[in-house]
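Asker: For reference, the chains in residue letters:
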Amino acid sequence: MSQIELYAFLSGCLLATFLTSSLFFWRFWNKTQDRFFAIFSFAFFLLGLERLPLTFNPLQETKGYVYLIRLLAYILILVAIADKNRSLKRK
Amino acid sequence: MIPIVYLLCGLTSLACAICLLSGYSRRRSRILLWSGLCFIGLAINNMLLCLDMLVFTDVSFLIWRTSAALAGAVILVYGFIWEMV
Numbered sequence: 001m002s003q004i005e006l007y008a009f010l011s012g013c014l015l016a017t018f019l020t021s022s023l024f025f026w027r028f029w030n031k032t033q034d035r036f037f038a039i040f041s042f043a044f045f046l047l048g049l050e051r052l053p054l055t056f057n058p059l060q061e062t063k064g065y066v067y068l069i070r071l072l073a074y075i076l077i078l079v080a081i082a083d084k085n086r087s088l089k090r091k
Numbered sequence: 001m002i003p004i005v006y007l008l009c010g011l012t013s014l015a016c017a018i019c020l021l022s023g024y025s026r027r028r029s030r031i032l033l034w035s036g037l038c039f040i041g042l043a044i045n046n047m048l049l050c051l052d053m054l055v056f057t058d059v060s061f062l063i064w065r066t067s068a069a070l071a072g073a074v075i076l077v078y079g080f081i082w083e084m085v
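Protein chains in written order, with my numbering: chain A, 1 to 91; chain B, 1 to 85.
Only chain A is shown next, with the shape it has when bound in the complex (with noise of 0.2 Å):
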């Protein structure tokens, strides 16, 4: 198996284990409608999409901005974090 390939099925798995963690979250929050699941849903989501160009041609990673995604995905966590301490430090 050449790296490519290899690099290919590591990605894909990475792209469906994102998503199901993205799945996981959506049920906790359908369950109990706080919102730091629906944010980490997305957000998990989000670093699932990102896999989409890097799996499909390697070279984007070197033009870096595809990584944006992953960024913003990072941040959304961050504040999703910050959010559920806030609210907790409230009650």
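If you're looking for bench data, these hints aren't it; they were derived computationally from the structure. Note that the Cβ used here is the ideal one computed from N, Cα and C, for glycine as well. One should not assume that every hint holds.
Stated by the list, open to error - Part of the chain A face toward chain B, derived, beta carbon under 10 Å:
hint, residue
1, Phe-24
2, Phe-25
3, Gly-64
4, Ala-73
5, Ile-81
6, Leu-88
As the list claims (entries may be wrong) - Facing chain B, according to a computed beta carbon distance under 10 Å, are these residues of chain A, among others:
hint, residue
7, Leu-10
8, Ser-11
9, Leu-14
10, Thr-20
11, Ser-21
12, Arg-27
13, Phe-40
14, Leu-54
15, Tyr-67
16, Leu-71
17, Ile-75
18, Ile-77
19, Ala-82
20, Asn-85
Dock chain B against chain A, hints included.
Answerer: Using the frame of chain A, we list chain B on its own:
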């Protein structure tokens, strides 16, 4: 601009891991533990990305990076399934 994006990805993923694990140490919510462990894998992925793109440009860490991220994501999914069943 692009090196800054790589560095910010590394820093924010590390910050997420630290926040989630410190949240787990306070509240003992298992979802925070599994998410924190996932973000350790993602932080390793992003740190290797910075090293790959900015420092060791002649060597490719592509497979190692992707494997670290996959390990983190698999730990998260494992945690979800373990907690729900």
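Asker: For each hint, tell me whether it holds in the structure or not.
Answerer: Hints, verified against the model:
1. Because the smallest distance between the Cβ of Phe-24 of chain A and any Cβ of chain B comes to about 4 Å, under 10 Å, the interface hint for this residue holds.
2. Look at Phe-25 of chain A: its Cβ gets to within about 9 Å of chain B, closer than 10 Å, so that hint holds up.
3. Interface restraint check for Gly-64 of chain A: the shortest CB-CB distance to chain B comes to about 3 Å, inside 10 Å, so the restraint holds.
4. Interface hint at Ala-73 of chain A: satisfied, since its Cβ lies 9 Å from the closest Cβ of chain B, which is below the 10 Å cut-off.
5. The restraint placing Ile-81 of chain A at the interface with chain B holds, with a minimum CB-CB distance near 5 Å, inside the 10 Å limit.
6. Given the 10 Å rule on beta carbons, the hint for Leu-88 of chain A holds: about 8 Å separates it from the nearest Cβ of chain B.
7. Restraint check, Leu-10 of chain A versus chain B: the minimum CB separation of about 4 Å is within 10 Å; hint holds.
8. Taking 10 Å as the C-beta cut-off, the interface hint given for Ser-11 of chain A holds, the closest approach to chain B being about 6 Å.
9. Evaluation of the Leu-14 of chain A hint against chain B yields a held restraint, the C-beta minimum of about 5 Å falling below 10 Å.
10. At about 5 Å, the closest approach between the beta carbon of Thr-20 of chain A and any beta carbon in chain B falls short of 10 Å, and the interface hint on this residue holds.
11. At about 5 Å, the closest approach between the beta carbon of Ser-21 of chain A and any beta carbon in chain B falls short of 10 Å, and the interface hint on this residue holds.
12. Taking 10 Å as the C-beta cut-off, the interface hint given for Arg-27 of chain A holds, the closest approach to chain B being about 9 Å.
13. A least Cβ separation of about 8 Å between Phe-40 of chain A and chain B falls short of the 10 Å threshold, and the interface hint therefore holds.
14. Taking 10 Å as the C-beta cut-off, the interface hint given for Leu-54 of chain A holds, the closest approach to chain B being about 9 Å.
15. Below 10 Å, beta-carbon pairs count as interface contacts, and Tyr-67 of chain A has one with chain B at about 5 Å; its hint therefore holds.
16. A distance limit of 10 Å between C-beta atoms decides the matter here; for Leu-71 of chain A the minimum to chain B is near 5 Å, and the interface restraint holds.
17. Interface hint at Ile-75 of chain A: satisfied, since its Cβ lies 6 Å from the closest Cβ of chain B, which is below the 10 Å cut-off.
18. The interface hint given for Ile-77 of chain A is met, as the beta carbon of that residue sits about 5 Å from the closest beta carbon of chain B, less than 10 Å.
19. A cut of 10 Å between beta carbons decides the hint on Ala-82 of chain A: the least distance to chain B is about 8 Å, and the hint holds.
20. Residue-level restraint check for Asn-85 of chain A holds (minimum Cβ-Cβ distance to chain B is 8 Å; threshold 10 Å).
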